[in-house]
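Novice: Sequence:
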Amino acid sequence: MKRIKLALAVAAIFLFGTVLNSCKNPTEGVTININTGVLKAPTAVQFVNAKKNATNQPVNFPVTIGGADAELVVTITNKIVFNATDGRIFIALKKGIVPSESDPIIFTIAAEIPGFAPATHTFRITKDEPLAVVIPVVEYANPAAGTSAKIQENPLAAGATTEAFSIQTLGNPGMTEQATVSIAAGTQFKDAGGNVIDAVKLESRVLNYGTGSNESLAAFPGGFNATNVTNENKQPIAGGVAFTTAGFIAIDMYAGATEVKSFSKPLNVKMGINKNVMNPLTGLKVKVGDVLPVWSLDDKSGQWAFESNATIFSDATGDLNAIFSASHLSYWNFDWAEGFCPNELTLLFNAVNYLNERYSVVIRSDKGYSSAATMSITDQLTTRFRVPTGNIKVVVIDNNGNVVTETPYFDACASGMITVNMPQSADLDIVNVDMVLKGICPNKPVNANISTWVRLYEQSKGLQQSYVVYVVNGR
Numbered sequence: 007m008k009r010i011k012l013a014l015a016v017a018a019i020f021l022f023g024t025v026l027n028s029c030k031n032p033t034e035g036v037t038i039n040i041n042t043g044v045l046k047a048p049t050a051v052q053f054v055n056a057k058k059n060a061t062n063q064p065v066n067f068p069v070t071i072g073g074a075d076a077e078l079v080v081t082i083t084n085k086i087v088f089n090a091t092d093g094r095i096f097i098a099l100k101k102g103i104v105p106s107e108s109d110p111i112i113f114t115i116a117a118e119i120p121g122f123a124p125a126t127h128t129f130r131i132t133k134d135e136p137l138a139v140v141i142p143v144v145e146y147a148n149p150a151a152g153t154s155a156k157i158q159e160n161p162l163a164a165g166a167t168t169e170a171f172s173i174q175t176l177g178n179p180g181m182t183e184q185a186t187v188s189i190a191a192g193t194q195f196k197d198a199g200g201n202v203i204d205a206v207k208l209e210s211r212v213l214n215y216g217t218g219s220n221e222s223l224a225a226f227p228g229g230f231n232a233t234n235v236t237n238e239n240k241q242p243i244a245g246g247v248a249f250t251t252a253g254f255i256a257i258d259m260y261a262g263a264t265e266v267k268s269f270s271k272p273l274n275v276k277m278g279i280n281k282n283v284m285n286p287l288t289g290l291k292v293k294v295g296d297v298l299p300v301w302s303l304d305d306k307s308g309q310w311a312f313e314s315n316a317t318i319f320s321d322a323t324g325d326l327n328a329i330f331s332a333s334h335l336s337y338w339n340f341d342w343a344e345g346f347c348p349n350e351l352t353l354l355f356n357a358v359n360y361l362n363e364r365y366s367v368v369i370r371s372d373k374g375y376s377s378a379a380t381m382s383i384t385d386q387l388t389t390r391f392r393v394p395t396g397n398i399k400v401v402v403i404d405n406n407g408n409v410v411t412e413t414p415y416f417d418a419c420a421s422g423m424i425t426v427n428m429p430q431s432a433d434l435d436i437v438n439v440d441m442v443l444k445g446i447c448p449n450k451p452v453n454a455n456i457s458t459w460v461r462l463y464e465q466s467k468g469l470q471q472s473y474v475v476y477v478v479n480g481r
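For the sequence shown, the working numbering begins at 7 and goes up steadily by one.
The calculated PhoX-like cross-link candidates involving lysine-lysine, where the alpha carbons are at most 20 angstroms apart (straight line), are:
(1) K133 to K100
(2) K196 to K207
(3) K156 to K207
(4) K276 to K293
(5) K267 to K306
(6) K207 to K267
(7) K267 to K196
(8) K306 to K196
(9) K240 to K306
(10) K373 to K291
(11) K271 to K196
(12) K85 to K101
Pair by pair, the computed Cβ-Cβ distance ranges are:
(13) N160 to D404: 39 to 49 angstroms
(14) P161 to E363: 46 to 56 angstroms
(15) P242 to N356: 31 to 41 angstroms
(16) N62 to V104: 35 to 45 angstroms
(17) E209 to P348: 44 to 54 angstroms
(18) V104 to A170: 51 to 61 angstroms
Source of the hints: derived by calculation from the structure; they are not laboratory data.
We treat Cβ as the ideally placed atom computed from N, Cα and C, and that holds for glycine.
Just need the whole structure built from these sequences, with the hints factored in.
Specialist: Right under this line is the structure:
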């Protein structure tokens, strides 16, 4: 029998704690009525190092909310200043907001975490229910399997390059692809306002995401389900698209201390293409001559945009590559796009004796689409995914990259709900504990059950390795 000592921490008293400040004055003589459920769709967001078992984790940093419905989002304490603590932030929708499948609330959460690539995740909220999301982010100095990073400094004169140079990503386990960003002599670098930045040094941060690693797929900024996306005519694509990727690159640059947004001359970007990538248009592995649509992502707003097409070619060594020109800085992706099923797919996990272990839950289609989410799986957990049309399967992968279980292929749009059966876990000495969480004001007639996020953690590990559960009306 395995015994684990758990500790409990209330993530926040939230609205209850805010209102109970009134208790400090016992002479007010007012009965306090508290509704701890006025905010909608409470959401727990955790940023984690994308590399499995990494010791360095995101800690404390500011977070920004962008996108079409950003003004509808608040912290769980009903504030509009967003900061992550111990890598977590708790947010919600404002009082009175009613999300639905026909009228979803869409926003993007973004963070610049010291030592890590910028993080971005777009939310599409369709129900007033608790949601816990894990966002893996890649550490430049210790990139996850399937990703490779390069940070490079080059001199500038009056804000321009004095000679041509290239930035090439290094190899890393779990990937065969390499990327090279080439910059011409005389290139000037501009800020968000289009002004040339007068600096003497350029710092470039290039991160290449391969397609053969689940860690890389889970860490793709923005994920593969694009909600805000425009086509070749700059028109919005209704309902968004599901991306099947052939490669992804994140490029960030700073001239002096100022973030670069555009250039006087476009950058030349060459990306390696994994030969095992399937072209969903042909149903075959990619080959020379295949055309790859090129898309850009604004990591602050979550806006995707079609940019151009690139054609696959073979270099002297026989490796496959594709080249595109980047006129502005953003994240760039080789993607084929397809539509979503009209309704989300619900997964129900049969996972007896499963506790606080993270797994990659991968949605794969028979046409090459693959999207991974990191989550803690417990028995009878339900979670929902937007999935592309066609046949898909669900694959669960552990921290060592081993497949734990997978479903057969099934029609994504016809299923509605699918049960994922996890194999029998180790025999645990589990004790069910009934707990009622209350807020008490000793000076007033208040004894209210609280709806809030609660963090559970092993005493030997501490809060950073905690997991969250949502308590409704104190239970």
